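Undergrad: Using the hints, position chains B and C against chain A.
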Amino acid sequence: MDELLIFLTYVAVAASSISGALEARKRQMDLVGAITIAYVTAFGGGTVRDLLLGRTPVFWMADPALTVAAFVLALVAFYRFDRVSRKLLIVADAVGLGLFSILGATYAFQFNLSPIIAVHMGVVTGIFGGVLRDVLSNQIPQVFGQSAELYATCSFVGTTLFIVLYFYHLSSMSVAAVVGASVIFAMRLLAARFKVTLPSP
Amino acid sequence: MDELLIFLTYVAVAASSISGALEARKRQMDLVGAITIAYVTAFGGGTVRDLLLGRTPVFWMADPALTVAAFVLALVAFYRFDRVSRKLLIVADAVGLGLFSILGATYAFQFNLSPIIAVHMGVVTGIFGGVLRDVLSNQIPQVFGQSAELYATCSFVGTTLFIVLYFYHLSSMSVAAVVGASVIFAMRLLAARFKVTLPSP
Amino acid sequence: MDELLIFLTYVAVAASSISGALEARKRQMDLVGAITIAYVTAFGGGTVRDLLLGRTPVFWMADPALTVAAFVLALVAFYRFDRVSRKLLIVADAVGLGLFSILGATYAFQFNLSPIIAVHMGVVTGIFGGVLRDVLSNQIPQVFGQSAELYATCSFVGTTLFIVLYFYHLSSMSVAAVVGASVIFAMRLLAARFKVTLPSP
Chain A
431 MDELLIFLTY
441 VAVAASSISG
451 ALEARKRQMD
461 LVGAITIAYV
471 TAFGGGTVRD
481 LLLGRTPVFW
491 MADPALTVAA
501 FVLALVAFYR
511 FDRVSRKLLI
521 VADAVGLGLF
531 SILGATYAFQ
541 FNLSPIIAVH
551 MGVVTGIFGG
561 VLRDVLSNQI
571 PQVFGQSAEL
581 YATCSFVGTT
591 LFIVLYFYHL
601 SSMSVAAVVG
611 ASVIFAMRLL
621 AARFKVTLPS
631 P
Chain B
431 MDELLIFLTY
441 VAVAASSISG
451 ALEARKRQMD
461 LVGAITIAYV
471 TAFGGGTVRD
481 LLLGRTPVFW
491 MADPALTVAA
501 FVLALVAFYR
511 FDRVSRKLLI
521 VADAVGLGLF
531 SILGATYAFQ
541 FNLSPIIAVH
551 MGVVTGIFGG
561 VLRDVLSNQI
571 PQVFGQSAEL
581 YATCSFVGTT
591 LFIVLYFYHL
601 SSMSVAAVVG
611 ASVIFAMRLL
621 AARFKVTLPS
631 P
Chain C
431 MDELLIFLTY
441 VAVAASSISG
451 ALEARKRQMD
461 LVGAITIAYV
471 TAFGGGTVRD
481 LLLGRTPVFW
491 MADPALTVAA
501 FVLALVAFYR
511 FDRVSRKLLI
521 VADAVGLGLF
531 SILGATYAFQ
541 FNLSPIIAVH
551 MGVVTGIFGG
561 VLRDVLSNQI
571 PQVFGQSAEL
581 YATCSFVGTT
591 LFIVLYFYHL
601 SSMSVAAVVG
611 ASVIFAMRLL
621 AARFKVTLPS
631 P
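Taken in order, these protein sequences are the chains called A, B and C. Letter by letter, the first sequence follows residues 431 to 631 in the numbering used here. Letter by letter, the second sequence follows residues 431 to 631 in the numbering used here. Letter by letter, the third sequence follows residues 431 to 631 in the numbering used here.
Honestly, the hints are just simulated from the structure, not real lab data. Please read these numbers as outputs of a predicted model, since none were measured by experiment. A hint or two may mislead.
Which copy is meant is left open, because identical chains are indistinguishable; a pair holds if it fits in one copy or across any two.
Stated by the list, open to error - Simulated pairs of lysine-lysine, DSBU-like, Cα-Cα distance not exceeding 35 Å:
no., residue 1, residue 2
1, 517, 456
2, 517, 625
3, 625, 456
Chain A extracted, bound-state conformation:
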């Protein structure tokens, strides 16, 4: 189980680093930009979560292997990846969205915070990597756009489900986590496939 979690974490970090580096190339940045954007995309959500909670030094400082993996992948992607399967990136990114949303919520519980705040921690962990990537790239965050397919919403729904299942003792924590993360993963892929967006005003 732990090995699966670690594997999934690396899958998600890989997707974020590669997409960050490619975004940097698209925006005419150099390698420094590519690596910084890769880090921010991969670790930004968890970093904001840790700062808000006061979990310092933040998580990636305790695990240099993750940082090295993101560094190498960003370097290679920046100079060598001419065509990356957009579909593959979306699938790998959806793995991370599910995983990190649930993880963010469980950290909130460790600090005895209310379920409402736990949902917020899940969503923040899930989306702020992309938000900070776009801020550093001088763009309005993609997840805020009216044409953006559901992303934060998937995290919100799945994290809420996880919390309801767990908080009201409807299932064990691990079952609730697997259900929540799977719902986020599936909902995100469906939203991307069928271009589902939130209603505009």
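TA: This is chains B and C only, laid out in the frame that chain A set:
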């Protein structure tokens, strides 16, 4: 007194959430953008203050009711508010500027920081909600513009007055706080009414 | 030695404040913008470092003299400096890049973090002032640009050298620090003089 403080806090959070959601609509964002911008406008200044001081988990995590209020107001404002009185928003926002500036300075005293730093904490608490709103909306922060009516300056003047009164024992803390917050409130409204700006170079 | 460090710190803070205030003027900001951008340029890197490590209240709160110096310099530069020697600013800024990179790495060691993370803390401390300045000015960070002369790279090389020398006991900490900082300083000036950039993809 405590009930008055709570009431004024909700007034200020309401103004920030609504103006954040309307800004998001103006910038073609979806509901995720509207709620995030509303949160950032309402809680951003206090969050930056808490992070700089090390007061974690940050303030809004301890009080889910504030978050729920901001969520609901942003949702309603985003979909339903076609015309909001700009004057009313400015008045409610000025309430928050006065309140949160003084509150920020008092937190600095709790950490035994110098009066100079306390002024900075007041101003940061007062203005960084709007600054982060504009950064996430991909704009130069409005409070930095040469045509911007006095905003940070009101916070600076009133917070300094509060600190001088309190630090040199010229009045009790609560009298100093009421004087400081009132000066900020009045100065902000006068600046908005008469379009007072800082001199340009 | 300590007096030299303090002197060099003020040199670097002066350069950052002045360049921040001039950037604000170029971007049509008012005095509030100038002072905020000056602070962010001068203290942003160290603040991000302290937040990530959990060293709160952050460093500049303990030393109001630095803040006052940055305030006064930004005020004067904003209204009065019509022509500032760009060369002088680059030299003074390079002093800060060397100094703060090494300082950032040593703080990481105080938290028993790995050498890999210590390099990152050095680079973050060195470059994030400028990154945040550009984010608040609504620009893609200059250090990420393909035409940007080496900056983060100098910090990376010199900090790595410092860490190798110190971590493998090849020299005392102070000798390693002087070597590392000098390499950063010299490499930065050479890169600026000969317009050295990283290879583009």
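Undergrad: It remains to establish, for every hint, whether it holds in the given structure.
TA: Consistency of the hints with the structure:
no., hint, verdict
1, 517 - 456, "both (18 Å within a copy, 32 Å between copies)"
2, 517 - 625, "within (13 Å within a copy, 39 Å between copies)"
3, 625 - 456, "both (23 Å within a copy, 23 Å between copies)"
No hint from the list above goes unmet by this structure.
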